[in-house]
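Visitor: So you can see what is in the structure, the chains are spelled out below.
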Amino acid sequence: MDKDTLRRLELLNQLSLTEEQKSEMYSFFDRRENDLSELSSIDTENTERMVHVLPILTVVREDKIVQNFDRESLQAGAPETDEGYWCVPRVVE
Amino acid sequence: MEFYFEKVNTSLDKKIVADDMLLTKGIPTTAGSRMLDGYVSLFEAEVLTRLTNAGYGLCGKASVGELAIDLLGETSYKGACVDENGKILNPVAEIIKSGDAMAGICLDANGYVRRAAAQYGLVSVKPTYGTVSRFGMIPVACSGDCVSVMAESASACRDILDAMAGHDDKDGTSLPESKCALLKKSAPVVEIKRVAVITDMLCCDDTVNSAVNSLVAKLEADGIKVDRIENDLIKKSRNAWNILMSAELCNNVSRYDGVKYGYRSNNFTSIDELYTNSRTEAFGDFLKAAILFGSDTLSTENYMRVYDKALRVRRLICEEFGKLFKEYDAVLMPACSAMAYSIDAVRANKDMPYTENLYTAPASITGLPAVAFEGVQLICNYFNETSLLALCEKLEKEGK
Chain A
1 MDKDTLRRLE
11 LLNQLSLTEE
21 QKSEMYSFFD
31 RRENDLSELS
41 SIDTENTERM
51 VHVLPILTVV
61 REDKIVQNFD
71 RESLQAGAPE
81 TDEGYWCVPR
91 VVE
Chain B
94 MEFYFEKVNT
104 SLDKKIVADD
114 MLLTKGIPTT
124 AGSRMLDGYV
134 SLFEAEVLTR
144 LTNAGYGLCG
154 KASVGELAID
164 LLGETSYKGA
174 CVDENGKILN
184 PVAEIIKSGD
194 AMAGICLDAN
204 GYVRRAAAQY
214 GLVSVKPTYG
224 TVSRFGMIPV
234 ACSGDCVSVM
244 AESASACRDI
254 LDAMAGHDDK
264 DGTSLPESKC
274 ALLKKSAPVV
284 EIKRVAVITD
294 MLCCDDTVNS
304 AVNSLVAKLE
314 ADGIKVDRIE
324 NDLIKKSRNA
334 WNILMSAELC
344 NNVSRYDGVK
354 YGYRSNNFTS
364 IDELYTNSRT
374 EAFGDFLKAA
384 ILFGSDTLST
394 ENYMRVYDKA
404 LRVRRLICEE
414 FGKLFKEYDA
424 VLMPACSAMA
434 YSIDAVRANK
444 DMPYTENLYT
454 APASITGLPA
464 VAFEGVQLIC
474 NYFNETSLLA
484 LCEKLEKEGK
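Protein chains in written order, with the numbering used here: chain A, 1 to 93; chain B, 94 to 493.
If you're looking for bench data, these hints aren't it; they were derived computationally from the structure.
Be aware that a few hints might be false.
Quick list of in silico lysine-lysine cross-link-like pairs, DSS-like style, CA-CA up to 30 Å [as the list claims (entries may be wrong)]:
id	chain 1	residue 1	chain 2	residue 2
1	B	K272	B	K286
2	A	K22	B	K118
3	B	K263	B	K108
4	B	K353	A	K64
5	B	K443	A	K22
6	A	K64	B	K278
7	B	K190	B	K311
8	B	K443	A	K3
9	B	K443	B	K278
10	B	K311	A	K22
11	A	K64	B	K286
Since this is a predicted model, take the numbers as computed values, not measurements.
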């Protein structure tokens, strides 16, 4: 893990670390790399990936409304709303 | 020190407590994170609806660690619950032990339920993946998340499993009713005759080793053949699970942006600052580390080397268990390395949830059912958890 990669990960995940947190993160990533080296010794060349542990197929449902909430309820927990819209800072100047 | 996140009045005798990972209509749900501070769901978790219909009454919600990926709940934004000696306490287990609730309904994402049950001498069951609806659970690592039960006895776990297992159209990973029915009390029980103890997993302290030996002695006294076997692959479940869990977690928490619900920073001048400052101020250190690690495993540079590798190792581990279950009815291993954790030790070693899950990751990554009983853990083949619980019930009766 280098400085640039960590900065890229911070940006991708919308996080901003302090210098102390960054320092801890380098050690954390080093330890995870050690974990990975233990996996490297396992031969997986002829093994298929396993995304689901049980044979679960993509569920296709009929396109119909089964549950609905009114706008007021949906926005009740929002930090800031105005006339049915969520408020955020200006995006386009 | 507050074990309850919210208390609820109920006149029903069969009282249950839910951890704060379950959505509850009209009652706040935070998943132990400041990011969801003040969030109130418009609907409730399917399991709670089923349990209410079966006559159980919710007496409250217990505090949980941030996104339930820690050891026992110590990363909750409300603070860790610890005793006067610095021992970490688990809110769900404390509420059950106090007699307030007969059982806890919890999300087992990274093994906290099994660790807590083992350390408190309670019983817990993490059912076969897909047999209990995840609808209304705060998602963490969707391919392994399981709604689990913690209770004083195996029979209470069986009763609750009977009420909450079943197909749910609202959960895309829910198995057909014919499979879920195998968890009902009416389903046939298979006699447990042979158990394997994986010696590679016995890297724990004397108290845990003693619990393993004690249960082995009871099983043998009951005529069950117990073999000590070596297995290096299953021990590596942790390494693969940490990758998969973190990657899924990273995606699942990307929805928390401070716009539609939950926490919003007061410090922003642009939309990017709103997102970044809200997430930075609200998420705890351990969650941030897990998010960044998960994101890194999914990067173009690392996807094949790390994430894809973990998915392939998952298959090998499932196959390894499959081979074991041709010979054995259950596998016995610890659920934790020690019967107590000190908050000082955990603060000094912030990686502990990534190392202590050595014992819980095998059942998490495979979706196999696991029962924590008398301080240890028994893992069995898919859909056989009621047989394991029946064995535990028998041992409970013999112990009285």
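Visitor: Taking each numbered hint in turn, which are not upheld by the structure, reported in ascending numerical order?
Guide: 2, 6, 9, 10, 11
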